[in-house]
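Model the full structure from these sequences, guided by the hints.
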Amino acid sequence: MTTLENRPRSALLVVDVQNLVVDGAYRRDDVIANIAALVDRARSEGVPVVWVRHSDEALVRGSDGWQIVSELAPRADEAMVDKNYGDAFEATNLDDVLADRQVGRLVITGSETDACVRSTLHGAFTRGYDVTLVGDAHTAGDKTQWGAPPVEAVIAHTNLYWKHQAAPGRTAGVESTTDVALRR
Numbered sequence: 000m001t002t003l004e005n006r007p008r009s010a011l012l013v014v015d016v017q018n019l020v021v022d023g024a025y026r027r028d029d030v031i032a033n034i035a036a037l038v039d040r041a042r043s044e045g046v047p048v049v050w051v052r053h054s055d056e057a058l059v060r061g062s063d064g065w066q067i068v069s070e071l072a073p074r075a076d077e078a079m080v081d082k083n084y085g086d087a088f089e090a091t092n093l094d095d096v097l098a099d100r101q102v103g104r105l106v107i108t109g110s111e112t113d114a115c116v117r118s119t120l121h122g123a124f125t126r127g128y129d130v131t132l133v134g135d136a137h138t139a140g141d142k143t144q145w146g147a148p149p150v151e152a153v154i155a156h157t158n159l160y161w162k163h164q165a166a167p168g169r170t171a172g173v174e175s176t177t178d179v180a181l182r183r
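The sequence shown begins at 0 in numbering that gives the first Met the number 0 and counts up one residue at a time.
Accuracy of the hints is not assured; some may be wrong.
[To be verified] Heads up, simulated SDA-like pairs for lysine to any residue below, C-alpha to C-alpha not over 25 Å straight-line:
no.	residue 1	residue 2
1	Lys142	Arg27
2	Lys162	Met0
3	Lys142	Arg74
4	Lys162	Pro148
5	Lys162	Ala152
6	Lys142	Asp28
7	Lys162	Ser118
8	Lys142	Val59
9	Lys142	Ser54
10	Lys162	Arg183
These are computed hints drawn from the structure, not numbers from a lab.
And the structure:
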């Protein structure tokens with residue numbers, strides 16, 4: 000039901016599951032295992048997997064911390080989008096990558112829930128994509144020292160409000176790793 004024309008396919012988007020980003024993240028190993036299961040399913044079902052990698056002053060391109068975690072192995076034929084802003088669409092070629100694959104629906108996973116995942120959810124939705132968040136396949140680090148709620152609450156709140164997101168001609172939703180349909 001996307002508002003994007005001639006884009007009938009779905010893609011799995013893996014946002015910033017990089018060593019430094021998920022180091023110490025809430026339920027890190029469980030979330031990465033869920034993402035790995037989704038990547039395997041997507042590959043077996045012929046659903047494109049698109050990887051996103053962030054860099055900035057603290058997350059230096061090419062450093063060990065910048066690398067995708069060792070538990071996940073992007074394939075050479077899978078798109079890798081490098082970004083410098085929270086929204087994976089901002090100043091990147093992500094929309095072109097998705098258009099080339101006829102993608103109008105994104106299934107989103109990754110880190111950090113309260114930053115790049117949330118920004119990318121909204122960025123995709125406002126650009127006309129249908130967007131499904133995998134509720135047990137995103138995480139974040141603890142930011143309570145700066146006044147943020149505990150990570151568990153951040154994840155629960157994000158899942159709650161994304162489940163009720165609405166806009167003309169687009170769908171939004173939250174599904175679990177086991178229940179999400181990767182294809183339309």
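Hints, verified against the model:
1. Distance restraint check for Lys142 and Arg27: the Cα-Cα separation of roughly 15 Å lies within the 25 Å cut-off, and the hinted pair is therefore satisfied.
2. As the CA atoms of Lys162 and Met0 are separated by approximately 16 Å, the hinted pair is consistent with the 25 Å bound.
3. With a CA separation close to 33 Å, the supplied pair Lys142 and Arg74 exceeds the 25 Å bound.
4. Between Lys162 and Pro148 the CA atoms are separated by roughly 20 Å; this keeps the pair inside 25 Å, and the hint holds.
5. About 15 Å separates the Cα atoms of Lys162 and Ala152, which keeps this hinted pair within 25 Å; it holds.
6. With a CA separation close to 19 Å, the supplied pair Lys142 and Asp28 stays within the 25 Å bound.
7. Between Lys162 and Ser118, the direct Cα distance comes to roughly 16 Å. Compliance with the 25 Å bound is thereby established for this hinted pair.
8. With a C-alpha separation of about 21 Å, the suggested pair Lys142 and Val59 falls inside the 25 Å cut-off, and the hint holds.
9. Taking the CA atoms of Lys142 and Ser54, the gap is near 20 Å; set against the 25 Å cutoff, the hint holds.
10. Taking the CA atoms of Lys162 and Arg183, the gap is near 18 Å; set against the 25 Å cutoff, the hint holds.
The earlier numbered hint that this structure contradicts is number 3, and it is the only one.
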